[in-house]
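Engineer: Chain B: place on chain A using the hints.
Those sequence lines, one after another, are chains A and B.
Heads up: the first sequence begins at 1 in my numbering, then just goes up one per residue.
Heads up: the second sequence begins at 1 in my numbering, then just goes up one per residue.
Since the hints were derived computationally from the structure, they do not count as laboratory data.
Note that the structure is a prediction, hence the values are computed from the model and not measured.
Don't take every hint at face value.
The following residues of chain B were derived to be distant from chain A, with all beta-carbon distances above 10 Å [as the list claims (entries may be wrong)]:
id, residue
1, Ser2
2, Asp38
3, Glu141
4, Gly212
5, His214
6, Tyr270
7, Gln271
8, Ala278
Computed footprint of chain A on chain B; a stretch qualifies when at least three of its residues, placed anywhere within it, have a C-beta under 8 Å from a C-beta of chain A [what the hints assert, rightly or not]:
id, stretch
9, 11–20
10, 66–76
11, 88–100
12, 120–129
Positions of the beta carbon are idealized from the N, C-alpha and C atoms, including for glycine.
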Amino acid sequence: MTVTRAEYCVLACAEAWRGDGEVLAAPMGVIPRLGARLARLTFAPELLLTDGEALLTGTDDETVEGWLPYRRHLGLVMGGKRHVMMGASQLDPYGNQNISCVGDWKRPRRQLLGVRGAPVNTLNNPTSYWVPRHSPRVFVERVDMVCGVGYDRAAAAGPAATRFHRIPRVVTDLAVLDFETPGRTMRVRSLHPGVSAERVREATGFPLAVADGVPATREPTAEELRLIREVIDPAGLREREVRP
Amino acid sequence: MSAEEAVGRIESGMTVGIGGWGSRRKPMALVRALLRSDVRDLTVVSYGGPDVGLLAAAGKIRKLVTAFATLDSIPLEPHFRAARERADFELVELDEAMFLWGLTAAVHRLPFLPIRAGLGSDVMTVNPLLRTVVSPYEDGEELVAVPALRLDVALVHLNRADAQGNGQYLGPDPYFDDLFCEAAEQAYLSCERVVSASGFLAAAGPQTLLVGRHAVAGVIETPHGAHFTSCAPDYGRDEAFQRAYAKAAADPAAWQAFTRRFLAGDEDTYQAAVAAYAKEGEDV
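The following block holds chain A by itself, in its conformation from the complex (with noise of 0.2 Å):
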């Protein structure tokens, strides 16, 4: 059976947590919180997950191990054990985010959630992005708000700013992102399969660097395929999430 493009970012994202060792994975969206578990499950058992509330799970799911309510998940976050993959409603080319308005501020055109906590997972605990549908609306040349801090916002608040500032990936369902390049924008580091890095481009609101020979996002697994299929969503629940 081929791997369908939801199957691609679910992998995608586990692969976010590779080599994090015993921290808090914590996903926000359904394709990041797939890829948390496919990542406990297989090549890094020793992460920490909720059950989206304040209980923490063991391997299970269902075993409870553990209690997390939001003072102690705030502590979490400020105490570095910890990688989020955030949403964006924005995103621009150092990885600024933002999730609180679109347009001016003082009067906004689109209210969304506000800051929540993307300053505070920002400057404390590596954070990743997820964002479903990679568009010239989401990667914009400005954000309309700040609210996670990109490389060139972190570097300009000085070294308490930068200290454990750090934005491992952004994945899409178009590509991997990343900021590997001297000046801290960002670059493609790898294509899903079937996308190429024209369309990438297109859709992207700001010139992005993808270089030649970039790679394929890598296959899963017989086993990680199973895994997904028939273990972490039997329901299909990836196929909502993302656009074949």
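Structural biologist: Quick look at chain B alone, frame taken from chain A:
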């Protein structure tokens, strides 16, 4: 005391902290009592949910201090959203952890607490009064000085309380209700059931005794008083009703009908209308 008596102690222009989080264990019966009062020009301090939405829709908010407003299972709070898009009130938009630090500073009677969060973000731009502070130690780090979020009044809802104001939560998360109470001049605690203190430890361990009577000015028994938000383990969120609320909030005529049906009378009328609605199992 009654919800009316508690709300009677709130004056226009006061700073009111509201406990819970998003659409979780909000003191909704007290919020509904506020809606029935003529109090206005409030500064509301809340991890926002439908409490903020209802007060915004009623034009009670002059200034809002928050990190978000959400219905959780419905990501965007529709009244909050509409009020923001009309610029109905002033907003102090803080990060979730900055908000926690602001409450914590107030509890401990400190002018501020330092935090890394906020640096480099537009939280610093949209709140031009925020200042930084430099560590006097050799690291010399420059951090944000979150000002204390002092409250005139706090409103919280817990599962159980005794008549003296000792409050117990029985769900998985205390949220920040103890901090709201301790950061306030006067705190009013509504609960599902007033019990005798002798029953507390039979229900759960001592660590569930979240709020102490020294921090509470009045106790109000309001069964189903967090409705339609969740109040685990007594009840979950009323998702069908919340959907109806969100749908009605999106349209002025529908909102008028919703207000007439559910918010025109007292709390008993509200609970009776909700029960009737649940029985019908149809859209409002």
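Engineer: Tell me, in ascending order, the numbers of any earlier hints that this structure violates.
Structural biologist: Failing hints, ascending: 3, 9.
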